[in-house]
Structure formats: C-alpha cells, structure tokens
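**Q** The chain contents come next:
Number of protein chains: 4
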Amino acid sequence: MPTPIHKIAILGASGYTGAELVRLIATHPQLETTALTGERKAGQPMAQVFPFLRHLDLPDLCRIEEVDFSAIDLAFCALPHATSQAVIRELPHDLRIVDLSADFRLRDPAAYEKWYGKPHAAPELQEQAVYGLTEFYRDDIRTARLVAGTGCNAATGQYALNPLIAEGVIDLDRIILDLKCGVSGAGRSLKENLLHAEMSEGCNAYAAGGTHRHLGEFDQEFARLAGRPVQIQFTPHLVPMNRGILATAWLDGEAARLHAVLQDAYAREPFVSVLPFGTLPSTHDVRGSNYVHIGVVGDRVPGRALVVAVLDNLCKGSSGQAVQNANLMLGMDETTGLLGAPVFP
Amino acid sequence: MPTPIHKIAILGASGYTGAELVRLIATHPQLETTALTGERKAGQPMAQVFPFLRHLDLPDLCRIEEVDFSAIDLAFCALPHATSQAVIRELPHDLRIVDLSADFRLRDPAAYEKWYGKPHAAPELQEQAVYGLTEFYRDDIRTARLVAGTGCNAATGQYALNPLIAEGVIDLDRIILDLKCGVSGAGRSLKENLLHAEMSEGCNAYAAGGTHRHLGEFDQEFARLAGRPVQIQFTPHLVPMNRGILATAWLDGEAARLHAVLQDAYAREPFVSVLPFGTLPSTHDVRGSNYVHIGVVGDRVPGRALVVAVLDNLCKGSSGQAVQNANLMLGMDETTGLLGAPVFP
Amino acid sequence: MPTPIHKIAILGASGYTGAELVRLIATHPQLETTALTGERKAGQPMAQVFPFLRHLDLPDLCRIEEVDFSAIDLAFCALPHATSQAVIRELPHDLRIVDLSADFRLRDPAAYEKWYGKPHAAPELQEQAVYGLTEFYRDDIRTARLVAGTGCNAATGQYALNPLIAEGVIDLDRIILDLKCGVSGAGRSLKENLLHAEMSEGCNAYAAGGTHRHLGEFDQEFARLAGRPVQIQFTPHLVPMNRGILATAWLDGEAARLHAVLQDAYAREPFVSVLPFGTLPSTHDVRGSNYVHIGVVGDRVPGRALVVAVLDNLCKGSSGQAVQNANLMLGMDETTGLLGAPVFP
Amino acid sequence: MPTPIHKIAILGASGYTGAELVRLIATHPQLETTALTGERKAGQPMAQVFPFLRHLDLPDLCRIEEVDFSAIDLAFCALPHATSQAVIRELPHDLRIVDLSADFRLRDPAAYEKWYGKPHAAPELQEQAVYGLTEFYRDDIRTARLVAGTGCNAATGQYALNPLIAEGVIDLDRIILDLKCGVSGAGRSLKENLLHAEMSEGCNAYAAGGTHRHLGEFDQEFARLAGRPVQIQFTPHLVPMNRGILATAWLDGEAARLHAVLQDAYAREPFVSVLPFGTLPSTHDVRGSNYVHIGVVGDRVPGRALVVAVLDNLCKGSSGQAVQNANLMLGMDETTGLLGAPVFP
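These protein sequence lines are chains C, U, A and H, in that order.
Counting in our numbering, the first sequence runs from 1 upward without gaps.
Counting in our numbering, the second sequence runs from 1 upward without gaps.
Counting in our numbering, the third sequence runs from 1 upward without gaps.
Counting in our numbering, the fourth sequence runs from 1 upward without gaps.
Hint data in this document are derived by calculation from the structure and do not stem from the laboratory.
Even for Gly, the Cβ is constructed at its ideal location relative to N, Cα and C.
Do not rely on the hints blindly, as some may be mistaken.
Restricting the straight-line Cα-Cα distance to at most 20 Å, the calculated cross-link-like pairs of lysine to aspartate or glutamate (DMTMM-like) are [what the hints assert, rightly or not]: (1) Lys-41(H) / Asp-73(H); (2) Lys-191(A) / Glu-192(C); (3) Lys-191(H) / Glu-192(U); (4) Lys-191(C) / Glu-39(A); (5) Lys-191(A) / Glu-39(C); (6) Lys-41(C) / Glu-39(A); (7) Lys-41(A) / Glu-192(C); (8) Lys-191(C) / Glu-192(A).
For each label pair, taking beta carbons as the anchor points, the in silico distance ranges come out as [to be verified]: (9) Lys-191(A) / Pro-276(U): 29 to 37 Å; (10) Pro-276(U) / Phe-69(C): 48 to 56 Å; (11) Lys-114(H) / Leu-56(A): 56 to 64 Å; (12) Ser-189(C) / His-93(A): 42 to 50 Å; (13) Glu-192(C) / Tyr-206(H): 28 to 36 Å; (14) Thr-279(U) / Ala-110(A): 49 to 57 Å; (15) Gly-303(U) / Pro-59(A): 36 to 44 Å; (16) Glu-32(H) / Gly-117(U): 56 to 64 Å; (17) Tyr-206(H) / Glu-124(A): 30 to 38 Å.
Partial selection, computed: residues in chain H whose CB lies under 8 Å from chain C [stated by the list, open to error]: (18) Gly-15; (19) Ala-19; (20) Ala-26; (21) Gln-30; (22) Phe-50; (23) Phe-52; (24) Arg-54; (25) Leu-56; (26) Asp-57; (27) Asn-242; (28) His-284; (29) Tyr-291; (30) Leu-339; (31) Pro-342; (32) Val-343; (33) Pro-345.
Kindly produce the complete structure, drawing on both the sequences and the hints.
**A** Right under this line is the structure:
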C-alpha cells in the first residue's frame, strides 16, 4: 500500500513561521506543499521571498481567494493575529486547520477581549478550537478540526510547569517565570530595536510585570490544571540570538520532587527530555529542532527550586508544533518528519 | 598650579580588566600608566598583546619584581583570584592598591574559606580592605590603602537592591536575582563554551541555585544593611553579548515605593540613573561606559515588583569602578576620566 | 585665558551619525551641543530617542526652523542625502558647516547626477565644498566654510590607496577593493535584511560589480592623485558586526615598496597607524575610535600585494572625521576630543 | 526487499565535523552510527560531549582500538591532520573510508610536504585516495576505497571556478579569491581570537597572501583542469558567523559567458544552484544544509566579472560532502539523507 500524501496549504507563507513550515514539510514524507498564500507578495516565487528555499519546487505565492481548498487536506494558517479569525471563518467548514496565530488560543471570549483589546470575530470557532500543546491535548487534537497553536513563550513555560501544577508540588502563588527569548519571536516586523545594529550585543526586558499576552494562555491552562485560578509572574527578555527561548522558573517546592514529577510526566514523550538532576539546558542544544530540554536544580534556600526549559521558538514553539499536530489530525505518527537533530554549532 | 599626575602600575595587564584599565587611563587627565606586568607575556609590548592599544605610548609588559614601586602612586591589581593575595602581601605596605580580584571582598576569613575553598593567605590585609562599591563606601575609600573591587554581578545586584534593603521596603526572605551576563565576565579563559561557535546564538544558566561565589558578597553586604542575615536567591545566565549585565530582581514590595526609594538614594549620584517609573533599561545603553541604569515596574500580582539594573561588567562592574575608587584615594573628583558616553550602536 | 567653547548644532540628530556626534562632543573640551534637530521626532528629549545619552544635559530635538543659527559656531549636518543640499542652501551663508551626507562629496555636477540620479539642487555650494578626508585636505579644511564628509567606504579605501596612487607604485588598471562592512553603515533604516534575525550569522555582497555610489568619490579622488582617470573595481560585503569596515585591496605592486610608501605617508599622522610589514589589522582593534590601522603583505604571486585597512565607519568613517574637521575649522588642534581608545572586547 | 542498512564508524567524533556527521546520519534512512571514537573523551556518552545529540541512541565514545571494524561498512575519519594518516594505514585494508582531514587531499608527496611541512607517513595510500569533490569525481568516488574530503575553503573556491577553468573562459593568471569564513572552520580549538568576546563584532584577514594550506588543493585541481600550472591568489577572512563560507572570485572574463558556463556545468546537479544573472548569494541561505549557491555579476570595468559562491563549511564543505561520497561508495543515491532545507532565520 503506497504511503498516502496529504496536500497542504500554508496561508501567510511570507513570514518566519510560514517559511519554517515549508522547511519542515520539505523533508516530511507524507506532506506536500500545494498552495502558499501571501497577500502583499502574491505572484512572487517563494525563492524570491525566501532564497533559502530556492532548491524546492514550490507553488508561487498567491492570494487566499485563489486557493482551491477542495484539493487541500489541511491548512496551516500563519497569518497575523486578528486577520486569522476573519480568514478562518470564511474557509470551508470541513477543512482541517492548524492556526499559528493567537486567535484561537483562548477559549473564553472575555479573556480574549481582555488580552487582545477587542471582541473576537468568530466566537463560535473559538469554542471548538483545541489548544495545540500536543503533549497535553493529544487525544483532542487527533479528532479536532481546528487546532490553535500556542504562543512560543506560553509553550516553553508550560513544558516547565504543567506537570508541577497538575501534581500540586509547587506553591501556586509563588511562580515566577523569567524568560530569555530569541529575536525571531518578534517576527519579520520592521522595528528599530530589532535591527542588528540595535539588538546585537545587548539585552533588555520587555512587556514586563505581567502585560505580555501569553499570560492569557498561562492563566487559562494553569487554572484548568489546578482547578483554581493561578496568577503567575512572567517577564520576557530579548536576547541577541535568532532562535531559542530559555524559561527560568523560580519555584517554591522540593527540587528532587519536582525533578521526579517532570521525569514521570515526560518519560514516554518523544520530544521532551528531562536532564539528570542538577544539569541545566542550553538553547544552543535545541536550535532548529522540535526538541525540548528541561533541567531542575535546588536553590540554596531550602524548599526553593529552579526549573529551566528550552526550545526553539520557531520550531517546537510554533511551526514544528503545528506539524506535530497536523500529523495527529491526519492519522500519522506524531513524530513524522520532525526527528531532525538540532543544528550545532 | 599644574595638575598633579599620578603614576600608576597595573599588575596583570594581559587580561580584559587590565586592558580596560589602560583604555580608561589613556584619556584620564591625571593618571599615567607607568608600569604594566604580565608574567607569561613579560617582555612583550602591549600592542602585541592588545593591538587595540597600539596608538598609545606604553611600557612593555614586565614581571612584578621588575617594577620600581617607589615611583608608583597607586597600583591596580588585576591578577587572578588567589594569586592576588600572595602578591599584595609582598608589596610595599604604604602603596595604595585597588585590587580587582575576589581576594579582599570578604572581610570574614570564614566566609572567604567557605566560598573560595581554602584559607586566606593574608587575613590581616583582608580586615583592612575597604569594599569597593563606591556609592556605598565613598568615605572609607577616600582614606583606604587597599580597596577591594567588587564582583561585577555583585555590583549589579547591589545597585538594584542596596537602598531597598537599607530602607526595609522589600521582603528580605523573598529576593530573587536573575542575571543575564555578557561573556567577557568570564575573562580571557580558554573554554569550549566560550568559543564564538558555541556561545553565539544561544543562552544558558550557570552556577545555578546559589553556588556562584558572588553570593558571598551579597550575603556580607545585605546583612550589614539589614542588620540581620539575608539569603537571596541568585542565578546568572550567559548571554551572547561581550559586555553588559542585566539584573532582574523579582521582589515583594510596592513598586512605586521602591521607585521612590531608589530615586532618593541615587538622586545625586553622577553615574547612577533611575529611569522614569515603568521604563526598563537595556545593556545596550551603558556599553563601554561607567553608567548604571535602573528601572522599576509593578507586577500584575499586587505587592510584587521588578527592579532591573544594567551596567557594563568590564567598566562600571570592574575597571571603571576601580578608576573611580582610585580617583577618590588620590584626592581627585571621582568622575575624572570616567564621563565617556556609552558606545551605541 | 579661558579655553573658548564653540556652540554646535547637529541637524538630523536622530540617526546613528547624529548620535555618534553627540557622544564625541560629550567629552570634547571645547565643543558644546547647543541645538539638535530631528523633524519627525521634534519635541522629544534625546534620552527618549537614544537612551544611551540620558546622562547628558542636552537640548530636546527641534525642527530646523526653530534653531537660532546666529548663536551657532558650526553646524554638523547629518541629514539624509538630497535633503541635505536643500537644507544647507537655506542656512546662513557664513555659518561653518560639516555635512555628513553624500551631497557635497562630488565637485562635478555631472558626476553627481550620474551617481545620484538627479541634478544637484545647490551646484554653487558643491563647488565651494572641501572634501573632508582630513589627512589629504587639511589645509583647505582649515579655511573652509563647508566641508563634505566622505563616504565611510570611500574613506577606508582611500586610506589604503591614496599614497600608493600618488606615488605611482601600483598598476592603476588593476585595483580591486573587496570591502567587509558593519551593518550600522546602512543607518537606522528599516529593511528586512538588516533585522537581527536576518543579518546575524551570515554575510553577502551588495551593490556588486561597480554600482556602489562611493565609486563616484574614488573616481574623483584617484583621478586627481594620478592625473588621469582611474577606474577601480569595488564591491562591498555586509558582515554581522555593528561597527567597522575592513578594506582588502588586491594590488599589482611590490609589497615592500607599498609598505614603505604608506609608512612614509602616515609617519606623522596622529590617527593612522601602519602596522609592521606582514601584520594585518582587525576591525576589533579600532571599534568606537578615530583610529585607522593599515597592514601590507606580499602575495605568493610575485609583484602582487595586499593592503588591508580598517576603521570604525561611524567614528573615523563619519562622525569622528567630522569632529576632526570641525576642530581644524574652529582653530583647534585636530585631535581634540578624539583620542579615546577603542573599545575591546 | 528491505532497505539495506550500512553500519558506520566515526573516528574523531568529539569535534565539530564528527558531531555534524552524527547529526546527518540521525535522519539518514540507510546509515546507522555503530561506533564513535574520541581518544581523550573515551568512555563518555555523546550526550555529555554534545548535549544537542542527547535524544539519539548512540554508542559511547571509545578508543579506536576498541572498534570491531569487521562489523563496519564504512568509516568516517574526522581526526586531526597528520593523526589521520597514521590511523588509516593501520585500519583493515578493505574498509571503505571517507577521510575528513587534509591528509589525503594532495596526491603528490612533494606537494604534501611543501604545504604540511613533513613527509607523508602513508604515501602508498595517498596515491589511491580519490579527491572528494563529488560533482567532479563522482565516478571515481563510486568505486573508491579511500576518499579524501576536501578543505572547506577549497570546496567553495572550486565550485566557483572549476567549470570556468575547464572551459578556458577566464584569464588563468588573474584569479583572485577573497573568502569570508565562519568561525566553526577553525574547529573546537581553544584560541584567544576564537573566543566570543574577541571574535564577535569584528573581522580580519588570516593566512594572507598565499600561505593558506588549501592552496595546495587549488594548485593540484586547477592544474589538472587547465593542463598547466595555475597559481591563484587567495586570502581568507574570519567573519563573526558560526557556519558559512562566502567566496568572492574576482576574474578577468565576460560575465555573461561565465554565467552560461556555470549554468551548463551545474544544470543537473542536485545540490548546486546557479542564481539568475546579476543575483548574488548569501551564506544565510545555505546554513545547515548541503546546498551551494553561486551568483555572477559583471564589473563596471569591461571584461571583468565577479563570481560569488556560498556553502556551509561544516555541511557541504565537510560532513555533508562526506555523507554524499559515502552514499556513492555504498551504492545509494547520492542525495540520500542530505535534502534537509537550510535553517533560516
């Protein structure tokens, strides 16, 4: 029996997460890039927008309305926030979709409005959407029509914390998440502080003190696991590296216990490694891959611990996660096409 | 009356802090580099060891025993830890010394032994040494013979925390210091993880959970300010930038109050700026300079706040601080030669 | 007699060269920043546009028409190309001006039109302007009213080549200039390829094969020195470093002879160092400074040689050069305020 | 018929090229890493030496004498230069070997001695070895027992020049190769200038003027193609990027003709792309991949042209090339396992 090939559309292929999807699909044995859209760059070959993809035989960028969705098995939607919900509500209602924007991450319309500043345009879809953190929503994702890719910071923090919150081994009112984030997380946006001349050779905090929108995801998911509201403290920092997020979680809990809980939780996970107790991970070691490394160490202050998690924001934090979910939605092994080793150095 | 010129020796001039001292003294109107030592590179011109200094008319590197200390007004000692104490005890007892190593930072011999793993070789000097955080020891430094330069991480953390601890406006049992550190802090040491190929484009924690030696300084100084033991939590992270430390302090306290206390404390300090409330600093903005920027922001969790401080580890965190202290010891204005603006971009 | 202080206006202070001027003037003993203009950011304090300058007591940005030029001794004009000529023709005709744009570098209106694509708006001023490569136009600059700062690439190439062309020791029809350029040379322009994510960790040629506008300057200056047209080959490459240009000149000539000619030419120059024969320079060693380092090495092919020159594009290649010229125009020693050592590492 | 799996040993697996081999083999459908050696790190798990490989099930590092070569189908030898020849002469004489060192690149013992400073220890093997630039030695490689991987600089230059020399469309006495090289090319060697603090944010030439050992390869291969000695000029420059080489070839020839020749030569090559005339490549676009991009542009000086070639030094310039050759030697399609897309950004 020949291996079935699934036809894929990528909506919003001119940004980094769109390009990363193309990269991953290029060596995926069962996915085929059939349509690529980009409104402002419609008509251009991908090799012009992203010369690193020039060796691939890809369709030119087109407008969304030019795509024949009847020939598409699954669409990745890598459009900007807010645009995504407007587009998706107009797509065929039986089309499988993995959305990489923030639009369907929050199930509660009120929470959406709180964090994103306006009412949701497709609340009926919001309800249906499954949150895309594969390791924690695997069964729902398998049968979902619409999966909402997580925020990359939100993913990193949840890998560090979800099992600990679920098991009740940390003080829920004392969770601090200090993130160090690579610059590609800001996307291809033209801002002065993202220029090489201003970004390289320095770092700074941003969205500090609890204003970052990924907090909406943390609040939703942690409350669900804890059965009560959990309000963590979370501030990200911009670091001069292109890919990678390092989450340092400062916790009240017994380090050895935390380590045991994490090891148990991830023991059979193909992409999540818990390092030996006392060993801490580096973003260098997951660059370009779908892997997550997690380390635990005790603090000198008794009863306090650090958990550090790293992943590649564009891959496991976004497009790799999206492919992992698509694999499940299309009935494949979830690791298909995602076992590429990190690129080091 | 002609401006007096003070003759300076730099012991250990072949490392980064030694070279930074030469750089600062090059445009200092009242200091003159008279002797430079470097045991392994004795006999070499500085322009060979550090070509960026080739425009200067400098003495060749020599051995310490070749220096005529009777012609020296003040010696900077930029030798490795442990070497420093052995060398300094043999220097003339009336020679003014600013030591940049860790050897005289801890006043208590037991604390020294705890953090550095062996007994101190010159405990009598340890007692006399004045801790070199200028803004907090100014009067003692003015009359000191031996000043102990602080750790660069220790300096950054103290600028963020000292006034808050002194004023009692934060919970002393809930102080978390998450540092992001530039690689020059590791010195010119040849280690695989410091190679460009392994360091660039990623970050990682090190000396995690309360094992970093600069904790000895925090413990000493915070206890003194608080009048009781204070055990903070402190973990540094290595970030791919050459110069700069960013300290994120996660605190229990009222942000506005913290901001007011810091503003008061530093209102007349020439090198320390407290940014407007809610604005956070970037290491980019102090690179190559003796300035410190501090920002305060409230967290969404009531009663919690973040204080972020940045400085250049080689300058304000080490060699710039050393010159500032030397200025005081030699009767000059403490800002002399140190007002150079940061280098951006 | 008190040292006279000269009042300075910087037109176009919100770009990198404007900020670099402010940085240099901050420690200049005889210049005082009196007015700063920035059309789009008028009304903003400099500390908001460039937080690294926040320790300075600076005037807010204003519009050009708000400046009282009768109180100004010299204006630096760091405006965009083409804007500069329109602005300068309206300024008081006795105001000393150092222009950092490309507008007055080419004396011949036809050459200007060829390289910049439209007729010059102030050809009468074009004629008066003195080309600002200090070491070669020193006497003219001293008495000039309008000095045209050179292109940063053009400066680097000329330091390597001018004496060799003047002395006739290289084949004028075989001059290849392969440049490696730091990204700040592109200014604060918002382009995708200048984003950290796209620029770091790679390099590429641009304006290849003889299309870069700085060729207009090379053609003008080399023809003048040689007494005949000289058409060099010149292609720059963008390298992931913020500051610095390295020019590799591939030449037909006897290396030892070339070295001797360069040594002679620069023997008394305060800012230009010719390294020992066979030693090549690094941009690391001039970063943040007004120094130029030049090295010469013979090729294994007899009669061929390499000359490599490095400088900091924002300082010696632009704003440092501008201050050096202003020093001369205002009757000061040309090194005043420019002797700061490079920043390494 | 099941796909045959070939068992692979990697000798010298603790360096960058060794690790890159493991990375590539990890997703290669027909190669299996069976033995890994590393003398100084024998006994250690690979996950300790290279944490980025921790998700793989790999043998621990061992000493060469512990490997059972009778169970090995092909050995990659990633040992240091000189060590390699001593080791390979003792290996079973029927074992297929791809050597990544410089030891078997030069066929002529005299040339070897000239460039490497001592007589070859295994001249009889030197003669048998096939030069590993796949596109030009494909048939020989298919049946070779010992293939000598090329220098990474040598590979880049040859992709730009080989067809042009073979077709006689450029002046053979006027070939200049100005290379921009990523730092991983220097390997994991602990040198001050390779530290992040000294390497980042600057660039410099090295092995200038015709002293780099890869010239031995250029001389050998170009003479063979031209039927006469060809002595190019070649100087590499170190650029702050981890992976990537950009070769700028300055040539006497008609650009359009050169472009046509290159297009013809590489028309059916799976890994070599010739860009449209006038478009130049970037190392960013081949990072982490086995692809080569080549661009051609005319110079303003008639009859002169630039050819620019880029590749990833660790992959196509070394370990990817080695796998490509191994594929041929073991009877597989040469692209097997090598079609991974570059990693951007």
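**Q** Each of the hints needs a verdict: does it hold here or not?
**A** Each hint, compared with the structure:
The straight-line distance between the Cα atoms of Lys-41(H) and Asp-73(H) is roughly 24 Å, outside the 20 Å bound, and the hint therefore fails. At roughly 10 Å between alpha-carbon atoms, Lys-191(A) and Glu-192(C) fall within 20 Å of each other, so this suggested pair holds. For the proposed pair Lys-191(H) and Glu-192(U), the alpha carbon gap of about 10 Å is at most 20 Å, so the pair holds. Restraint check for Lys-191(C) and Glu-39(A): the C-alpha separation of about 19 Å stays at or below 20 Å, so the hint holds.
Straight-line distance between C-alpha atoms of Lys-191(A) and Glu-39(C) comes to about 19 Å, which keeps the hinted pair within the 20 Å bound. A threshold of 20 Å between alpha carbons decides the hint, and for Lys-41(C) with Glu-39(A) the separation of about 32 Å lies outside it, so the pair is violated. Restraint check for Lys-41(A) and Glu-192(C): satisfied, since their Cα atoms lie roughly 14 Å apart, inside the 20 Å limit. The hinted pair formed by Lys-191(C) and Glu-192(A) meets the criterion: a straight-line CA distance of about 10 Å does not exceed 20 Å.
Between Lys-191(A) and Pro-276(U) the CB atoms are about 31 Å apart, so this pair conforms to the stated range of 29 to 37 Å. The hint said 48 to 56 Å for the Cβ distance between Pro-276(U) and Phe-69(C), and at roughly 51 Å that hint holds. With their beta carbons about 60 Å apart, Lys-114(H) and Leu-56(A) fall inside the hinted range of 56 to 64 Å. Between Ser-189(C) and His-93(A) the Cβ separation comes to about 45 Å, which falls inside the hinted range of 42 to 50 Å.
The supplied range of 28 to 36 Å is met by Glu-192(C) and Tyr-206(H), whose beta-carbon atoms lie about 34 Å from each other. In this structure the supplied range 49 to 57 Å holds for Thr-279(U) paired with Ala-110(A), their Cβ-Cβ distance being about 51 Å. Distance hint check: the CB atoms of Gly-303(U) and Pro-59(A) are about 41 Å apart, consistent with the given range 36 to 44 Å. Remark: the range hint 56 to 64 Å for Glu-32(H) to Gly-117(U) is contradicted by a beta-carbon distance near 46 Å.
Our hint of 30 to 38 Å for Tyr-206(H) and Glu-124(A) is violated, since their Cβ atoms are close to 49 Å apart. A distance limit of 8 Å between C-beta atoms decides the matter here; for Gly-15(H) the minimum to chain C is near 11 Å, and the interface restraint is violated. For Ala-19(H), the interface hint holds, since its Cβ comes within 8 Å of a Cβ in chain C; the closest pair sits about 7 Å apart. Because the beta carbon of Ala-26(H) sits about 5 Å from the nearest beta carbon in chain C, less than 8 Å, this interface hint is met.
Taking 8 Å as the C-beta cut-off, the interface hint given for Gln-30(H) is violated, the closest approach to chain C being about 14 Å. Against a cut-off of 8 Å between C-beta atoms, the interface hint on Phe-50(H) holds, since the closest Cβ of chain C lies about 7 Å away. Because the smallest distance between the Cβ of Phe-52(H) and any Cβ of chain C comes to about 4 Å, under 8 Å, the interface hint for this residue holds. Taking 8 Å as the C-beta cut-off, the interface hint given for Arg-54(H) holds, the closest approach to chain C being about 6 Å.
Because the closest C-beta pair between Leu-56(H) and chain C is about 7 Å apart, less than 8 Å, the hint holds. Restraint check, Asp-57(H) versus chain C: the minimum CB separation of about 12 Å is more than 8 Å; hint violated. The closest approach between the C-beta of Asn-242(H) and any C-beta of chain C is roughly 5 Å, which is under the 8 Å cut-off, so the hint is satisfied. A hinted interface residue such as His-284(H) counts as satisfied when its beta carbon comes closer than 8 Å to some beta carbon of chain C; here the least separation is about 7 Å, so the hint holds.
Look at Tyr-291(H): its Cβ gets to within about 6 Å of chain C, closer than 8 Å, so that hint holds up. A distance limit of 8 Å between C-beta atoms decides the matter here; for Leu-339(H) the minimum to chain C is near 6 Å, and the interface restraint holds. Taking 8 Å as the C-beta cut-off, the interface hint given for Pro-342(H) holds, the closest approach to chain C being about 4 Å. Of the supplied interface hints, the one on Val-343(H) holds, with its beta-carbon coming within about 4 Å of a beta-carbon of chain C, less than 8 Å.
Satisfaction of the interface hint for Pro-345(H) is found here, the shortest Cβ-Cβ separation to chain C being roughly 5 Å, below the 8 Å cut-off.
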